[in-house]
Amino acid sequence: MNETTRELLKIVSDMDGEPGPNVAYNIREDSGCAGRQSSEHIKITPKKDKPGIDITIAAGTKSENVYIPACVTHSAVSDVAYNDFFIGDGAEVTIVAGCGVHSDGHEDAQHNGIHRFFIGKNARVVYLEKHIGTGKGAGKRIINPETYVEMDENSYMEMNTTQIGGVDSTKRDTGAKLAANAKMVIRERLLTDGEQEAETKFTVEMNGEDSSIDLISRSVARGYSKQILYSNIAGNAKCSGHSECDAIIMDHGTVNAIPGLLANHIDAALIHEAAIGKIAGEQILKLKTLGLTEKEAEEKIVNGFLK
Amino acid sequence: MLELKNISWKAEDGADILKDVSFVVPDNKFVVITGPNGGGKTTTAKLIAGLMAPTSGQIIFDGTDITKLGATERAKTGIGYAFQQPVRFKGITVRELIEMAAGKALNEADICHALTEVGLCANEYADREVNASLSGGEIKRIEIATVLARHTELSVFDEPEAGIDLWSFTNLIEIFTRHRESRKGSMLVVSHQERLLNIADEIIVIADGKVTKQGTREEILPTLFTTGKACKSCPKQGN
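Which chain is which? The protein sequence lines are A and B, in order.
Sequence positions in the first sequence follow this note's numbering and run 246 to 552.
Sequence positions in the second sequence follow this note's numbering and run 14 to 252.
FYI, nobody ran anything at the bench for these hints, they're computed from the structure.
Certain hints may be false.
[Claimed, not checked] The calculated DSBU-like cross-link candidates involving lysine-lysine, where the alpha carbons are at most 35 angstroms apart (straight line), are: (1) B:Lys103 / A:Lys416; (2) A:Lys385 / B:Lys81; (3) A:Lys483 / B:Lys103; (4) B:Lys103 / A:Lys446; (5) A:Lys471 / B:Lys103; (6) B:Lys117 / B:Lys89; (7) A:Lys381 / B:Lys23; (8) A:Lys446 / A:Lys288; (9) B:Lys23 / A:Lys552; (10) B:Lys81 / A:Lys523; (11) A:Lys523 / B:Lys89; (12) B:Lys117 / A:Lys255.
[Claimed, not checked] Per the computed footprint, the stretches of chain B lying under chain A, defined by three or more beta-carbons under 8 angstroms from a beta-carbon of chain A, are: (13) 20-28; (14) 44-56; (15) 112-123.
From a predicted model like this one, the values you see are computed outputs, not experimental measurements.
Note that the Cβ used here is the ideal one computed from N, Cα and C, for glycine as well.
The shape of chain B in the complex, shown without the other chains (with noise of 0.2 angstroms):
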């Protein structure tokens, strides 16, 4: 179970990114943490990764306070993540970036396996460079098999739909149903999609640096679209 216990965050320049930041992510589940953009959630995923450190608050992962650990060590505790953006490498191959995640030398099934899960196949893609040549969709599934290929007790994706095509976004959506119902630990998505919003047990919602709401898909999703803000007279209905 993951905990973050009044997590606050300043930029460089003063400005307070995250403001008292409390929530849980139990065991097993499906969490979807949503808002609008710029409100906090990156900075939420990539202080739970470790890649920043919080200003103040702690972060508690199965009862151990890991706040003070870098991203090396909140790896080897169990946590993985996957980047908005993710990073490409001149000459390290698709094949190497699996197997270092999986921390160990893996065979031609087992590098079969990594790819399939995200629907790429591992004869056209294994012994690619994670270079410039890959595409936003193709290198966003290779992120992805990346994490899944450490078999974490967390997994985060930050925006996991951000920067892919529409028709990469119905693979990727079929890739989080499937781990969704096979999961073994829990997932952490940053999103505003719907359609993974439709498939989460719970829901934060993170605005202007705080949580604003949270609570199971039941109780949260009803409440987002409904701002009330739509456009009174559509010029094209002629009101």
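Bound conformation, chain A alone (with noise of 0.2 angstroms):
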């Protein structure tokens, strides 16, 4: 592991260095392997026909994390894992992906994550997945996930993924199918600055009765970046979906949410909200009456916003 990747890993996973024994992890770095380990009930094993890795979690694992997270630590890599994980009936994961992209060169750094999740009946999931761009060069720091869930008979699915700053470009394109009283959480936070653009993607089906889904989106568009995010959900049985877009624009930045909701059963009970602005006034001014100054007020309601 170069200490590019380390100092990533900090960033993205909280890790420092591997993890201890007995803990399932997968460390890609500039499209190579930087280290890797199965643990008792978590087997990680290379795809044979692609660049990836089949994560295999058996039924009834309880309360374990996997950390398979990427690091491309230099221009002039264009990296590509397809991910594919294997959640056993009753399994309680969380996983641990987040994605560091390094550029000091004029060429680009590029990362295509390509997961997909297959979560057996009862099993519950968290998904962690933080996403940064670092280094000076003027090559692009380019992130493009795509996501793939299929979600069996009551599972649970908890999806946090986070962009904090430095990639100039990302689009990402999360699908999943919900089977009876799945339940899928999913929480994105989303930050560009300067001439970034982020183009994100959802689009959600609840298939089995009493299946749901709750979609919150936070960005913050600063300078002249450009972020366009897409919520679909479609409700084809009886079932609950709440999609909220809340986003702060600030500078010269624009934001565009376009929201779509197709209700298929007559017991679809489907929701969006949207909020963009830029920061309230009145908000500003409380900080004010605190002490801070304009420029600290901003940062602290950013923050909060995108914690």
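Combine the two chains into a complex, taking the hints into account.
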């Protein structure tokens, strides 16, 4: 593992070097493998036909973590990884899947992670994903994650995704299909600045009775950055869906929120809320009366909003 | 000591909201500004906190002219201000807001003290977001806690009773009564409430943009509720 990877891991996975023994992990570095370990219940095996790994979590696994960060540490790397997660019935697992892209050169550094999740009955999955771009090179830092989720009956998935800065271009595409009683919670946090561009797209199909999705996206667009947020929810059974898009625009940033609700069943209850605007003047004033400068107040408001 | 000297403020549409207002808030006094709605009370409070600038006149605080200072600088010189309609923040917790007010990180005991002062339990509230999930009474108390946590020389409260239920109001009076007794620094409260007027050292009446009365509670209070405009023929009494 090189030093850049080590630094990126601290940011995206809260890892300081390799995790301890008995913890499953796979550290991807510049399209190669910088470390891999399976645990008793979580097996990680490389794919034979394409780059990437299979992560198989045994049925009934309780409260285990698996780390699968990916790092690109210099320019002129275009990395693609196909990672498939097979989560056994009744398993409870936290998956930490950060991505850091570093470029000090003139050419682009890019990581495309294509993740598929097959979540068994009664399983509970927490998926944490932090993305960051670092380095001062003119080359762009690009991260394009694709995520596909199939949730079996009575399963639960919480997806927390955060892009905390420095990523010049991102296209995120997330799709999910929910069976009966499956519950999905998505929390997206996105910060863009300068000339950065971000496009995120969620497509969730609720196919089973009493399935539900709660999708909340909060984003801040600074500088001249541009964001497009699509949230498409389809209710094909008795189900409940809620999507919320809150965005703060600053400087010359733009945000385009495009919600889509498709009710294909008489008992599908779908809600969308969206609010885009600059920081409320009253919020700045309140913090000024506590002794903060305007700049400090803005920073506190943005940091709290994206927390 | 705070002194307003000949303060006037004109709205954008040219209306004269405050006209030549002058008064003094002495050190360590509990002063209540009262008067009819639309008379200029809130404007006066905002001018003192630096949320707006007067069209003319001077504001002197402890001998220094602060007229041209903005809200941040006023806060740093020792003026606290509680909004009539507290501001909500998505993502910022009660703990974080009180720490910003105190200007430093606080331990559990400090947070507990700050919230107990306004009748809230830290276990229940410290990590809640200051967002729309808080009721009118809850956010009002948190607003007051942020001002008390600053320990400023002058604390200004703009209609602390506005928008809260009766139960919360009783607690609110207790907060002010307690602080009146153990205070360090002055409190200037904009209020219509008789129970707050009853604990004032001094009362200032602002109506139609002017100070119409000013003096001790004993002098002013008896004159406030005798308007002589009561209905002479009450249908209920059959007169």
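Do the hints match the structure? See the list:
no. : hint                : result
1   : B:Lys103 / A:Lys416 : holds (26 angstroms)
2   : A:Lys385 / B:Lys81  : violated (46 angstroms)
3   : A:Lys483 / B:Lys103 : holds (31 angstroms)
4   : B:Lys103 / A:Lys446 : holds (23 angstroms)
5   : A:Lys471 / B:Lys103 : holds (22 angstroms)
6   : B:Lys117 / B:Lys89  : holds (14 angstroms)
7   : A:Lys381 / B:Lys23  : violated (51 angstroms)
8   : A:Lys446 / A:Lys288 : holds (30 angstroms)
9   : B:Lys23 / A:Lys552  : violated (41 angstroms)
10  : B:Lys81 / A:Lys523  : holds (27 angstroms)
11  : A:Lys523 / B:Lys89  : holds (26 angstroms)
12  : B:Lys117 / A:Lys255 : holds (27 angstroms)
13  : 20-28               : violated (count 0)
14  : 44-56               : violated (count 0)
15  : 112-123             : holds (count 3)
In this structure, the hints that do not hold are numbers 2, 7, 9, 13, 14, in rising order.
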